[in-house]
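Asks: Chain by chain, the residues run as shown.
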Amino acid sequence: MVQFLTKKRFKKATTQTLQLIAIVLITFLGLLLITFLIGRVVPIDPVLAVVGDKASSEVYERARIAMGLHLPLWQQFFIYLSSVLRGDLGTSVLTAKPVLDDIFRVFPATMELAFLATLFGVFVGIPLGVLSAVKRGGLLDHISRVVGLLGYSLPIFWLALLALIVFYAKFDLLPGPGRVDIFYEGIVDPITGFMLIDCILARDWEVFRNALSHLIMPATLLGYYSMAYLSRMTRSFMIEQLRQEYILTARVKGVAEWKVIWGHALGNCSIPLITVIALSFGTLLEGSVLTETIFAWPGLGLYLTNSLLNADMNSVLGSTIVVGSIFLAVNLFSDFLYKVMDPRAR
Amino acid sequence: MTEKTTTYSSTKEWLLTDTPASALQAAAGRAYLGLLEFLKNRLAVLGLMIIVALVFVALFAPYIAPFDPILTDLKHRLLPFSAEHFFGTDELGRDIFSRIIWGSRLTLYVIGLVAIIAAPVGIIVGTVAGYFGGIVDMVLMRITDIFLAFPKLILALAFVAALGPGIENAIIAISITSWPPYARIARGETITIRNSDFIRAIRLQGAGPIRIISGHIMPLCLSSLIVRVTLDMAGIILTAAGLGFLGLGAQPPSPEWGAMTSSGRSYILDHWWLITMPGTAIFVVSLAFNLLGDGLREVLDPKSDN
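Those protein sequences? They're chains A and B, same order as listed. Mapping to this note's numbering: the first sequence position 226 is 226, numbers consecutive. Mapping to this note's numbering: the second sequence position 18 is 18, numbers consecutive.
Chain B extracted, bound-state conformation (with noise of 0.2 Å):
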């Protein structure tokens, strides 16, 4: 056997070759032509981009933010906007400008551990569900349901109710509500690909279900998981700035959007600023959610038309 070896004349061109040498490469120009085609999607770009600048904010919170978010100063309550306070201050004094610019910390906090929590349930619920089929599917898939049957907000309502109001206690009502779609996708993919060859040839040799269900069944679904996640994030971004919202979930002083939303609501009357600003930070980031869960769903998900 001859060693074949191609040069290429520029990264672009290894990328794209019909005769990749390795998997490597393989992988490597398939996320290129993902990439190319996200980027023709200006608004997922712009989504991706709001994310960004979220999080860089939310990391660099100290350095931004001009006041501290959380000391009180009566003299200079409700003040309108200025080039000292950019959105003005609350009913306490303190700096709105900086009260959003922390709040983006706990917007992270929750998105992101409800994510680690109800993704990973959902799916190791759902493709056993349907590796396996049977009894295991109809057991898993009736809980399920049963989750399902209730409104999102609601249920998550009685666990907080329960567990006692807190951001934690949010985001683990927020999570028990949210990983059962997730279980529904998983499960949806997993029949579809466990009796396809490449499944039997893996069983042929000798591996057992975990092996591949984490190993090879799980990869294939999770392009289609990422889609449904970030499109997810915006729901729940907007369940915890309600929970907030309704003093259940971040309690004061910390400045969580929904909170802050709430609290000035006995003012907006002649003091519009202080439901306005971190209302609309709440907008803007589920928004950018949703713009980019569109994008991605273009092209990691080509089958679902929208």
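So here's chain A without its partners, still in its complex pose (with noise of 0.2 Å):
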């Protein structure tokens, strides 16, 4: 590593670093004017929804001035643009919060979801992946290639709903809807906003038990998405490397199969199979919107939904941001990684 990172290359992907941060910020810029344009072809009168439909014409022409609504467009992006790099979202009409302030709360619990899945898509989607490449036309190749075309033809809520059916509702092998059982609600303090590290914080096992019970069936659905993606990914990008001439080298110096697999050319996949892993990341914040509505799930995405049925634009623009604000932190993340690890990409 030390090697490569001689002061010529130090300064090129410093160049392109500052390159790509530029583009990340007009992007970025890109990305709050078109949720400024989408609040203004709203419907909805902004003015009446705050002075109400019984307000006299002074009162409502007083309210529209104090809005800036009778600036020119381009003056009222200006105004909208400096509040959302000062953090304000504007107010919820739904909770007479500030959005911000609400995102942060319901955040945690998409975050624990959108871990969890994750992780199960990673530590089942990977090595299905590789197995499924070292045995070409195999029955794990079979399987992973069923497991991929199911994870890109079910809906999920659909999947979800099926699965509340059978698990919860004929089985009773596991909890319903929402993060912990009814009478555990409220016991641990919401010191981070994570249950599970909260009742490890507080040293309630009990409601961790609970807990973690009511993630299983929202994370592994969730997960069964991003295991589809990742299996597939995998298998081609193993494909790929197990066709190169350093596999044959390796081999031929009698080096253990596994390790060959394992090591050697899945190692040489860890920098693009990172790059897909962020990607599902994403994918798995737009899952959780509809998977969060049928868990009861607390998180991001059922707040997005509540708000869209309530016409709570400030909430739904502000959650957009967010969404869209971590995706695009994501990318660059990766981008970012293929720059540094891999020297062909330099």
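One thing to keep in mind: the hints can contain errors.
[Said to hold, decoys possible] Derived lysine to any residue pairs resembling SDA-like cross-links, with alpha carbons at most 25 Å apart:
id: 1; chain 1: A; residue 1: Lys12; chain 2: B; residue 2: Met141
id: 2; chain 1: A; residue 1: Lys339; chain 2: B; residue 2: Phe147
id: 3; chain 1: A; residue 1: Lys11; chain 2: A; residue 2: Thr275
[What the hints assert, rightly or not] Some chain B residues well away from chain A (every beta-carbon gap over 10 Å; in silico):
id: 4; residue: Phe38
id: 5; residue: Ala53
id: 6; residue: Ser82
id: 7; residue: Leu140
id: 8; residue: Asn195
id: 9; residue: Glu298
FYI, nobody ran anything at the bench for these hints, they're computed from the structure. Every residue, glycine too, gets a C-beta built ideally from N, C-alpha and C.
Join the two chains into one complex using the hints; note that each chain is given alone, in its own frame.
Replies: Structure representation (structure tokens):
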């Protein structure tokens, strides 16, 4: 690693990173422009929503000026921009709290779900992909193909409902919707907002077990989709690597087969795999909207749908900005990793 | 110059000749070979058959469906499977089988319109960016990246929130979020084509950019784009169904499959068929598009290995 990072290379990497940051900034501005424009085409009159329809025209006009709606559109955009950059996403009509506070409150629940789902996807999907690449056309390869096809074709909300019917209603193997059973609610202080971590901090193992059992179904379901994607991608990366000559060299030298596959070949897949994992993490945020609605999981997805159904535009756009920014950050991070770790990408 | 006429003993020989006499014959021969390749992939043929069946069902819905899909009949609500109601009846006594049959029209409507809107936008943006390069490319690709920076469903949700729920608005929202990948693909293809000799030759003959792009570059982008659009259809069906499920797509009482699943939610414990049947329909159709897309990729886009 050290000999790769000569001064010249380092300089090149720095300029490339700066370019990347410029691109990301432009994209972020565009993201805000889109949410701003979406906020302008709403058929609901934002002034009316504040003053109510019984307000006199004088009150209405005063509110309109106070909200800056009499200014030209580009000025409104700059006002919007500066308030978003200050972390002010407006006030939620539904909860009467600042949108950003709301999002901070609900976000850990989504992160907990998405993190466990990613773990599931990584620890099941990658081995499945590796094994099906090693034995192409074998039983595992067929299984991974079917798993992949189902992952691309099954509506997640439907699968979630079926899982609830089977595992909760019929056989009672797993708990139903929610983060914990109702009589465990509010026992553990929400210090971090991550239920499992909070339980560990409070050393309350009973609630921990309950919370974990509530996580199993939604996390596995979400994880299934990332597993389907990861296993297909791992398979094609591995096939590409196993064709290379260094694999042949290693085999000729007598390196153990498991080491050739899991060490050499998979090791060289790790950089593109990190990108794929990062991308699938972004997709999970999307899948969480539908999953959280079904499992009554109090995360960002449920918050977004509730705001949508109540026409709470500030919350909707605030959530959209947050999700878009996370997506952008994840992409930036994986691009950066590529540049730093893969000499060919420099 | 002597006119050379070859006689062919069969159509097959005419198609497979090494020395085609016309562009038409060459194209027909290539299509024939592609078709043979495609027919070898049984799963892709199955996918195509399902889609053909979907189109057939949608066209003849009034003749196939035994009941009115919207008329409520509270005397016969929540009935299980029977000879009269193949898939049972829902919470308002409507025949689920008939609703699924009529719902196929909505599904086709959504994917048809999204393809008609998103694919041309993507191909135009991509080919223009790729052909001109420079500042045009930069601006267009930055715009594309901005749209790619949102997860699809989230951006679609935001648009539907602004435009108001309804199937037309769902179609607009999905189209707005669907075109950027097509632009990326078309741009990539264009960049590899634009400096080739045949494009230079056309330019020397005096063809302008519009003619070159629309007449010579776009047709060459089509095959990889068709593959991508077909594979995307599955995702579009799932997104539309998801919007319907959240109550933001097609509105009741219209028999949209996602909305049907959503309205059946309250009855799942004792009346599982309310959600099982429409969900299966969504699954089967998106599976069919995935199978067909995989098959088409093998025929049209052999570069990408799977």
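Asks: Would you mind marking each hint as holding or not holding in the structure?
Replies: Evaluated hints:
{"no.": "1", "hint": "A:Lys12 to B:Met141", "verdict": "holds, 23 Å"}
{"no.": "2", "hint": "A:Lys339 to B:Phe147", "verdict": "holds, 24 Å"}
{"no.": "3", "hint": "A:Lys11 to A:Thr275", "verdict": "holds, 24 Å"}
{"no.": "4", "hint": "Phe38", "verdict": "holds, 18 Å"}
{"no.": "5", "hint": "Ala53", "verdict": "holds, 16 Å"}
{"no.": "6", "hint": "Ser82", "verdict": "holds, 21 Å"}
{"no.": "7", "hint": "Leu140", "verdict": "holds, 12 Å"}
{"no.": "8", "hint": "Asn195", "verdict": "holds, 24 Å"}
{"no.": "9", "hint": "Glu298", "verdict": "holds, 14 Å"}
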